[in-house]
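Novice: In case you want the letters, here they are:
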Amino acid sequence: MGVKSIETRHHEERDAFFAGLRRLSRRSFVKLAGISAGAALARGVVWPHGFQLVEVAGADVGGAEPGGKGRPSFTFAYISDTHLYPRKLNDRFVRAILKAVDDVNSLDPQPDFVFFGGDLAQLGQTDELDLGNEILKTIKAPVKMMVGEHDWFFDMGEHWRGLFGPPQYSFDHKGVHFVTIMSVQEKDFWTARGMTPMQRMLTVAGLDNGLQSRFEVGEEGRRWLEDDLKKVDPKTPVVVFSHSPLYKYYRAWNFWTEDADEVQAILKRFDTVTVIHGHTHQLLTNHIGNISFHGMLSTAWPWPYAPEGLPKLTVQMNRADPFNQFDGCGDGTFGVSEGGLVDALYNLWDRNPVTVRASYVTSNGAKDAPPATKLASY
Amino acid sequence: MSRTSKVLLVSLPLLVLGGVTIARSGSQTPQHQLPESRDGNVVVGLCDGKTTAEIPGVKPGETPTREQAQAVSDTLMAEWRRKNPDAHWDDPSVKLAQAETGGAPGGAATGSEAPSGAAQPPPPHAPDAAAPETQEGHTYGAFTDRDQQIWQAATDRFVAEGKRIFHSADLLGGTIGVSCDMCHPDAANTHPETYPKFQVQFGRVALLRDMINWCIENPVRGKPLHDDDDRLKALEAYIIASRKGVPLDYGKH
Amino acid sequence: MTRGRSGSPMLLGATVLAVAALALVRAASAAAADSPAPPAKLPLGVSPVLYEISVPAGSEPTSDKAKLGEKLFNDKRLSLDGTVACATCHLPDKGFVDHKPQAVGIKQQRGQRNSPTVLNAMFNATQFWDGRAPSLEEQAKLPILNPIEMGQKSPDDVVAKLRGLPEYTEQFQKVFGHDLTYDDVAAAIAAFERTQYSASSPFDRFIHGDERAIDASARRGWSLFNGKGRCNNCHAFSIVNPNFTDQKFHNIGIAAHKTDFISLARKASNVVRGGDLKQIDELAIETDFSELGRFLVTKHVNDIGGFKTPTLRNIAVTGPYMHDGSLTTLWDVMDHYNKGGVQNPYLDGGMQRLGLTEPEIDDMVAFLASLTDERYAAFAKQEMERQRGQKDRRPERDTAAAMGKKGNFGDLAPNPDLKDPAKIGVLVRGF
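Protein chains in written order, with our numbering: chain R, 7 to 384; chain P, 314 to 566; chain V, 1118 to 1548.
Worth flagging that the hints you see were computed from the coordinates, not collected in a lab.
Keep in mind it's a predicted model, so treat the numbers as computed, not measured.
None of the hints are false.
Straight line, CA to CA, 25 Å or less: simulated DMTMM-like cross-link-like pairs of lysine to aspartate or glutamate:
hint, chain 1, residue 1, chain 2, residue 2
1, R, K94, V, D1515
2, V, K1345, P, D540
3, P, K565, V, D1363
4, P, K557, R, D214
5, V, K1345, P, E549
6, V, K1345, P, D542
7, R, K94, P, D483
8, V, K1416, R, D327
9, P, K536, R, D327
10, P, K510, V, E1169
11, V, K1184, V, E1491
12, V, K1522, R, D133
13, R, K318, P, D499
14, P, K510, R, D327
15, V, K1384, R, D114
16, R, K94, P, D494
17, V, K1375, V, D1405
18, R, K380, V, D1363
19, P, K557, R, E314
20, R, K254, P, D494
21, V, K1188, V, E1254
22, V, K1345, P, D541
23, V, K1375, R, D114
24, V, K1498, V, E1328
25, P, K510, V, D1363
26, V, K1522, R, E140
27, V, K1523, R, E140
28, V, K1291, V, E1187
29, V, K1522, R, D136
Chain R with its partners taken away, still in its complex shape (with noise of 0.2 Å):
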């Protein structure tokens, strides 16, 4: 047993990276960054991977057609609701998103970009927002970020917002205009109640709870969207990055947009628009109009699927062994087509990987049907 493996070497590196962690101070940061995933990769050891494989099972992403006959034009990952909680109380998370991280660094070949769905910190504290950016800077490829209602409640972003930016953005990527809103907005709900930005930070991370209010993108980003959106071409396809889903799936666990109608009539007068969304944690589709909606995976835990309001189109992913903290949970890829359709490549840990591609929705699930779950949630 003397010889190390690949695995095992990377491995080490990646505890080394992680040991660094625990101290987490800008300056042992940038030292460790040598070690990095990313570093390493760029000395040539080529990271094995699960997401690699996929071409090797014929399970092509954003081609035109399905068996992997047509290439994407360009693809583009995703990491989404890590919630962090600072690594001392808990590295059960840590270690899920830092799986991811090797995930989309071990990409071959790498995408355009990474997308971070929202959700990045637990309870919005300092210490797990930079935690979570300290990890998401070794992620080779550019990231592009999107905030989340446990990013943001406890202090209403602003250290969100020091390190990320505006939480609403847009930019153009070969031919597809990108733009990302701020869609966990919520009408005010605790000055009333006298709640401390703590409390209203466990409110909004409590799903069941019923006191925070409904999701809502707001007025003043519905006027921001439509006016981003003024200068797009009808037939430019349009990808809307959304924490909340952009339509109305569950109130009462804010699987929900209230002001979802809106803002689909702002999208309406485009050809082609895709919904890339977190906040659900669970492999989910859905097409309404012109709009085909995707729900990314989470890293840190699944939601079983709420008792009523889920969308026909959605393939159920099976329901998650607790016994194996990665169930149920992972990252993954959308492939863009040259029309701008989106596949999308679900990257279930521990599972086969699940693609639903753009020809299903489009078709109201006529085709390409994803594979079918054996355990339903009831």
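Got chain R sorted already, so can you dock chains P and V onto it with the hints?
Specialist: Frame of chain R, contents of chains P and V only:
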């Protein structure tokens, strides 16, 4: 004039007079305070000293119609019966039916005199059949509204405590900030109705509380709770309560 | 954790169940022409329910068939050059294994995999470490034809050789009623293997009510097995399913000691012909692809490096351990799990560091040793002493990782309160 109408005509003035009389008489006897009617209608008080009802459209001094009188009498009686569910009060409507068919006061016992097409009057003890006597002189099941209120409150409180623990990593004894509601919002996906069942996580048949303890030890990273621990029982209560109405389906996966 | 308060009601229940199940089994075999098949009395610890599930109607072993099978099992002439029998790698006296890390076949050729025991193999849902053979019959056919193991070139060769041996011709005629075929050979060997159920261990007596059957250390080990050790998820035990295995396939990182999975899996995907048992058998025994385990059979990404959970019965006398025999003692096995296995991209998510202390590890080993059939009691004592003698050599041990001082291989629950055993489910009984 039918018997009922006589009864009414006699009782109604009595009711009214009774009410008025009592209102005017001395303060030694308990007073039934009749509330003022907003529209100036006649207010009728019941002999229990508490229940009142208005006759809409009838002002003091006016005579109500038979229908109006019947209506207010029914209202008062219904209200009284609602307040006294255990009272053994005959239902007059059956007697009404009996009277209307024109049978003898006791009701026809044999069918020999009735023509084939006519409806048979109900047998003499019909009133009991319609408003059945309930068994008395027992203890179990002899509970009142008040009892039920207390019991419900106690149960709800137990369930509420379970809900509180369910949503708090600290109260669960968890050490990593994970609480049950993170994977089970509103206790979704707990399926208490499927226990006992073979639980694959530990390779044998388990009850709900075994799984609760397993979850506390594994995803939640706390110490398993003792069988007698109130917290374990409260958690069970909350989880079971969340699936009220779902049929038992033990063994289902 | 299950908390059975007293043995009696559950024992009664288990007995009733056992009797009922046995009655069923008996009824099923009433039609058998030969001597009645299901044994009149299964030893303590063998599950009649599992017996009924595992022994399909019509293939209950008759004593003639089993005797013929035993003869074949021990016959070196089944191999190409007459040097290797089934029993060469599956020594009946030694727990039906050869105690080598990897099996050695004809011409001293070494295979890739460790020989699993025949004891209780009849209760496996599939055979081999990767489950490539769906039955005992299918399993028996493959090593005889494998170039590294017994080397015969084809079933016809085997049949021809055996038909040339008069003692077999007569016996096969008697048992099967026709000239021997390769299928018959496999059926006879399988029949013999179906008589090799094994239980009757101190643990079985303990679980059926005798508190004193195992010592305090082993009892603590049993409670750790169901708690902190997280063993019972894959090495599941219940009275109905008593062989300590879920019969599923898990990557626990053993293969990661050696291998670059990704390029191997890529290559394998192009090479492996689904459903071609013979080809998979050769790849598994002869080549590097062996490390891919279950992936060779299913081609599922999630099965890369996954191997079947083996039984823990008789584990003290069936070392060395794991699919490649790379772990020499039970302490090495505990060290492997204690640190969370060996990290690799396909590591089963249930693998986590366990934080077991040395005394706890000793307790768990004591428990494992208590799973030995009493017929091997002396051999087990010998083996355990030998293993204990190697305790200072612990190549797998990584205490820092196990205790969480380095790396991030999982989180731990706080230690339960040991002063009150009821609180940690020590009283797990048989259900």
